[in-house]
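Each chain is listed here by its residues.
2 protein chains.
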Amino acid sequence: MKIEAVDFSYLSMPVVTDDGDGSQDALVVKVSAGDFTGWGECEASPLVSIAAFVTPMSHGACQPVKNSVLGQQIDDVSDIERIARLVARNSMDLLQAQHTWSGIEIALWDLLGKMRSEPVWRLLGYEQAYPKTPYASVLFGDTPQQTLERAQDARQRGFTAAKFGWGPFGALSLQDDLDQLKAVREGLGPDASLLVDAGQIWGTDLEAAKARLSGLEAVGAMWLEEPFYADALSDYADLQACCETVRIAGGEAAHSEGMARNIIDFGKVGFIQIDCGRIGGIGPAKAISDYASDRGITYVNHTFTSHLALSASLQPYAGKSGDLICEFPAMPRQLALDITRNHFSLDLNGQIHLPDAPGLGMEVNEEGFTDYLIEIEISANGKNLYRG
Amino acid sequence: MKIEAVDFSYLSMPVVTDDGDGSQDALVVKVSAGDFTGWGECEASPLVSIAAFVTPMSHGACQPVKNSVLGQQIDDVSDIERIARLVARNSMDLLQAQHTWSGIEIALWDLLGKMRSEPVWRLLGYEQAYPKTPYASVLFGDTPQQTLERAQDARQRGFTAAKFGWGPFGALSLQDDLDQLKAVREGLGPDASLLVDAGQIWGTDLEAAKARLSGLEAVGAMWLEEPFYADALSDYADLQACCETVRIAGGEAAHSEGMARNIIDFGKVGFIQIDCGRIGGIGPAKAISDYASDRGITYVNHTFTSHLALSASLQPYAGKSGDLICEFPAMPRQLALDITRNHFSLDLNGQIHLPDAPGLGMEVNEEGFTDYLIEIEISANGKNLYRG
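The listed protein sequences derive, respectively, from chains A and B. Once you know that position 156 of the first sequence is 156 in our numbering, the rest is easy, because the numbers rise by one and skip nothing. Once you know that position 19 of the second sequence is 19 in our numbering, the rest is easy, because the numbers rise by one and skip nothing.
Bear in mind the hints are in silico, worked out from the structure with no lab data behind them. Hints should not be assumed to be uniformly reliable.
The list cannot tell twin chains apart, which means a pair is met if one copy fits it or any two copies do.
[To be verified] Once the Cα atoms are required to be at most 27 Å apart in a straight line, the calculated DSSO-like pairs of lysine-lysine come out as: (1) LYS320 x LYS182; (2) LYS66 x LYS383; (3) LYS30 x LYS383; (4) LYS2 x LYS210; (5) LYS210 x LYS383; (6) LYS320 x LYS66; (7) LYS210 x LYS114; (8) LYS30 x LYS2.
From just these sequences and the hints, can you work out the full model?
Here is the structure:
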């Protein structure tokens, strides 16, 4: 079959705020080939990712993503890898290209799965998909009391693990951070897993991060995520070397398989977090899952949007019985829920299960897009480049 | 002064081909503050970089670049650094943002230099700007004979060094590559410096690159540039360890100071090549120049477009007397020449000199843009986001 069409749907909440909640908009991708369609999702900045698909060519190594995708043959997993190499070569100098390609790549796996009547995790070579233990991914409250209440809420909803991040954490004093950490632990109770996401707040300030370690270890935090800029590999490694019980997590910003390997090899993280909507899709994510397994590093998905994106993000390590924890957007905007008709829900053990259904196993609610659709038009010298 | 306006000019040759020539289009940036204007240039994919400036916000860490720039105070070098940190924070999840910001950052240096009546290299703390020895940056010909003629042409134009890259190199057989290398050396003569750019052709294939090392060393190549994907740090280091005389060069894709540091620390390159139009502008480039100097690594600019971009790319290491070699786009399209009224030219020693003039010292030929201008319009739900 040939890839006949790639259609984007840019969805947005009516009001987008500047808080750290990534579920306020979405770029959903539909790929059509023969009688089949596949669905995927790009992470963040829909307009820019659309532009990377349609932009005029700058030169041979800076081509729009569409040049490497439309009209390509898609019959097998190896075709996805082949097209990925084309994109990497032809869009080498187009920085945004990898984010655009990620959503398309995910859709191609969904499409192939539907064609073969197999779930994606089986196409990836797994014989079974193990249940995962989701952690509720929640933003710190503005006050410790608000944080405490959010932590209690997560427990009441059945979560046995929770991650708190962003908000005021790291931006105020050390004592403020310690108060927030105590509030999380109090709200979660003593037995739940507690994770903390610093959202790159300390840049390259190793000392600022080190000052929080004893507080993190006192509340039994399992990991400290993204203390530094995503590329501050030496700082990651230096901080990890100072830890007694907490381990450093990172990797969500990786926009290539190589970048994620570097974070493992040189950043020395204990948890590697991959966003399928950025790294180039499910294929490179699976490669990193294997790379991490070989080195005793725990692989975790990074997902803060829809359950379509959540399904995609779980496939790469579905068959790894040792990597049990998974991110679960616990307080998404309605938009993120409305993208699919079916949703992941927690079983009595607080675990979630990947569907044993073709492709990603998600029913995309295309009709429901209408309320959220942002129509984009792009033209160059009066000639339309994109409308949709 | 406040930053009142950021205006983009997307310029393009009438026909853009898929060869590796990055001078076929350009995104020129004009920044206005008070009575001053500054000029800069973003590297590659103008439409996508414009989109990153105006895109609707996805969330607090995925804001358009304009949110961190327009209305900001600009009186001093420290303001540029401050705004850079804002962009890094507010556009963390917008991959293309750093390319957009790069051109703006360059323009802010130009503007500050004009305000102070000082060349940018003096604002960077240098007391003098040393002449640089440009290498002609040329694409391999389709045949060894064409390559030989291009090498002869470079010598006849006064260049004492030349870099050949892209074209068929690495894509055909080992023998083809050896024939090309011999042709370059024959055309350049025995005494000129010879550099080779593989343009990432071997991906992560260490053996393919190793197979070319003896041929490169036989023709006395000074460096082998970008043998692998930009993020294949371990492969870079492994190849460097196999070299006897040739050294590995890389870094042009770095879109942050941290990435460039990683290429030095973990990729073990002998030459670090920085494109000011990608890394975030002149500030981070200067930081990498210092970082490289401290470690005995040679800093080199990466420039394949206009003489405006060339001036910007030379400023960060203008005062480093040890780092003498510089890239010089030797066969640019007319567009790249028409962006400025003044140009760098080779003196009798085959060297070029940075202007001792305010800012970047380049007279931008705004009136000359007309023939090349691509007018872009972007709208969302019928509301105009960009026109220009």
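Homomeric proximity label, LYS2 with LYS210: Cα distance no greater than 27 Å: neither (53 Å within a copy, 37 Å between copies)
27 Å Cα threshold - placement of LYS383 relative to LYS30: For LYS30 and LYS383, both the intra-copy (24 Å) and inter-copy (25 Å) Cα distances are at most 27 Å.
Alpha-carbon proximity context of LYS320 and LYS66, limit 27 Å: neither (34 Å within a copy, 43 Å between copies)
LYS66 and LYS383: within-copy, between-copy, both or neither at 27 Å Cα: both (17 Å within a copy, 26 Å between copies)
Same-copy or cross-copy closeness of LYS30 to LYS2 [CA-CA at most 27 Å]: within (14 Å within a copy, 44 Å between copies)
Up to 27 Å CA-CA - LYS114 versus LYS210, copy category: neither (48 Å within a copy, 42 Å between copies)
Alpha-carbon proximity between LYS210 and LYS383, which holds within one copy, between copies, both or neither at 27 Å: Answer is neither; intra-copy 54 Å and inter-copy 47 Å both fail.
Intra/inter-copy verdict for LYS320 and LYS182 if alpha-carbon distance must be at most 27 Å: So LYS320 and LYS182 fail the 27 Å test inside a copy (33 Å) and across (51 Å) alike.
Consistency note: the structure conflicts with the earlier hints numbered 1, 4, 5, 6, 7.
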